Amino acid sequence: MPIIEVKNLVKEFGKVRAVNDLSFSIEEGKITGLLGPNGAGKTTTIQMILDLITPTSGDILVFGEDMKHHREEILSKVNFSSPYVALPNSLKVIENLYTFARLYGVKNIREKVEELADFFEIRAFLTKMTSSLSTGQLTRLNLTKALLNDPKLLLLDEPTASLDPDIADRTRQMFLKIQREKGISILYTSHNMAEVEEICDRVIFIQHGKLKDDGTPEDIIMKYGRKDLNEVFLHIARESTKL
Amino acid sequence: MKIHRINALLMRHIYLFQRSLPRIMDILFWPVLELLVWGFLSVYLEKLNITSVSVLTFLLGAIIFWDILNQSQKAVSISFLEDVWEKNFLNIFVSPLKLSEFLSAAALLALIRILLVAVILGVLAGLFYHFNIFQFGFYLIPFMANLLIFGFSLGIFTTAIILRFGTAAQILAFGFIVLIQPFSAVFYPVSSLPQYIQYVSYLIPSTYVFEGMRAVTSSGVLPVWHLVLAFATNIFYLLLVVWFFYRMFSSVKVRGRLMKLD
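From first to last, the protein sequence lines stand for chains W and R.
Residue numbers are given in the UniProt record's numbering: position 166 of the first sequence equals residue 166, and the series is strictly consecutive.
Residue numbers are given in the UniProt record's numbering: position 109 of the second sequence equals residue 109, and the series is strictly consecutive.
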């Protein structure tokens, strides 16, 4: 059974159709990249999966169940991280983690926080104010928060945006580690195609809110006869501006 | 509803409160300053001996009850705004948290804030002006309950408006309650208002509390209909604003404005 099943999804904002009859499914235990140029409908799709935006029509099934009737059950097994969504700066790191652990009903909060603090190597700054963390440390904190509830599905919206190449590389290694050691399914958006090529088992290209292509990075590169995924992206994005 | 999620939101506010000077001032400093200003004015007016009633009791009672209402409203709307300012709103709403739990945590926070303010102002008014807050006896409970509910309703209403129109409307979180004050007969009886404004005044639940407070002070008895009308109007508004809040939240989700709430 797919972890996410999106069927004929449509989202209209007034006269603008941001997502247009989009259908795809995400397999369990894989890292899937949701790609497309700016305005293609990636973030809108992710937000509909998370029940932050109500679709105009279509269905989204997560773990085989629809959000409308099983929101609490679904969201307790899902988590999300984005550099554009912050944790409160005026709390200490440990207070933020305890707050979200309570929100997700984590048993043995202390043990869980310590386990993840070791995993992401943030134990040294648990008692620091969140406002004092560097961008790289904040990324690790956000990921720690995102794993507090042992999610079966993790949605990552441009998680390495604004990170320097070194921290971005370390962060990617963490995603691979999470997926390998915890078996979590990850839906990932990024504009860094080298990164996507490195870590995604499969990519879904969206263009004008519609499914453009779907396959492994290797298959997609071969299909478009390009050197790498970046060239495929440029081809699709430029084709998209011509339309 | 899950207690652990309500507890999570409450604990977060306690963490914030511990080291936030503006939050501490909001409960400890500004209400106390207001009490002192009105207290000294009351002492001065008492010395002038221009009325047969105790100005001190009327004004200090009014200012304490007004602060209780104010704290209840702020507990809801400012705590919501804090999540918006911190860009943390989405983190909360991608968790399994329900709107009912979000509102329940806000109600509990309002209760904690009004109890703190009532105790602090009650003690200080007793120390400085020999004002006994327990002179209202049993009525203190329904008075505070009505102010808590009405402040909570005002807080939900302003939060719903901010949700719908974004932080451009955040001034309502600070200023909306001031619009209520002239019609709520806080410092003067409803009878001193023009007739047509009195009709408006009687639509506001807090009016019955302030009128009731004056009735208890002057005669020792509270007309039962004051309490009945206070609770009736309060329940009506509470149901209305909760419905309105759910409608606005749903509308914001349809418009895709939740992530753009800043």
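Treat the hints with caution; some may be incorrect.
[Unchecked claim] If you anchor each label on the Cβ, the simulated ranges turn out as follows:
(1) W/Val16 / R/Val224: 30 to 36 Å
(2) W/Glu72 / R/Thr167: 27 to 33 Å
(3) R/Phe134 / W/Ser131: 27 to 33 Å
(4) R/Arg255 / W/Met222: 25 to 31 Å
[What the hints assert, rightly or not] Quick partial rundown of chain R residues pointing at chain W, CB under 7 Å, derived from the structure:
(5) Arg12
(6) Gln18
(7) Leu56
(8) Ile133
It is worth saying that the hints were derived from the structure and are not from the lab.
Predicted model, so just to flag it, every value in this text is computed and none were measured.
C-beta: ideal position from N, C-alpha, C; glycine also.
So, going through the hints one by one against the coordinates:
no.	hint	verdict
1	W/Val16 / R/Val224: 30 to 36 Å	violated (57 Å)
2	W/Glu72 / R/Thr167: 27 to 33 Å	holds (29 Å)
3	R/Phe134 / W/Ser131: 27 to 33 Å	violated (44 Å)
4	R/Arg255 / W/Met222: 25 to 31 Å	violated (41 Å)
5	Arg12	holds (5 Å)
6	Gln18	violated (9 Å)
7	Leu56	violated (39 Å)
8	Ile133	violated (33 Å)
Of the numbered hints given earlier, the model fails hints 1, 3, 4, 6, 7 and 8; all others are met.
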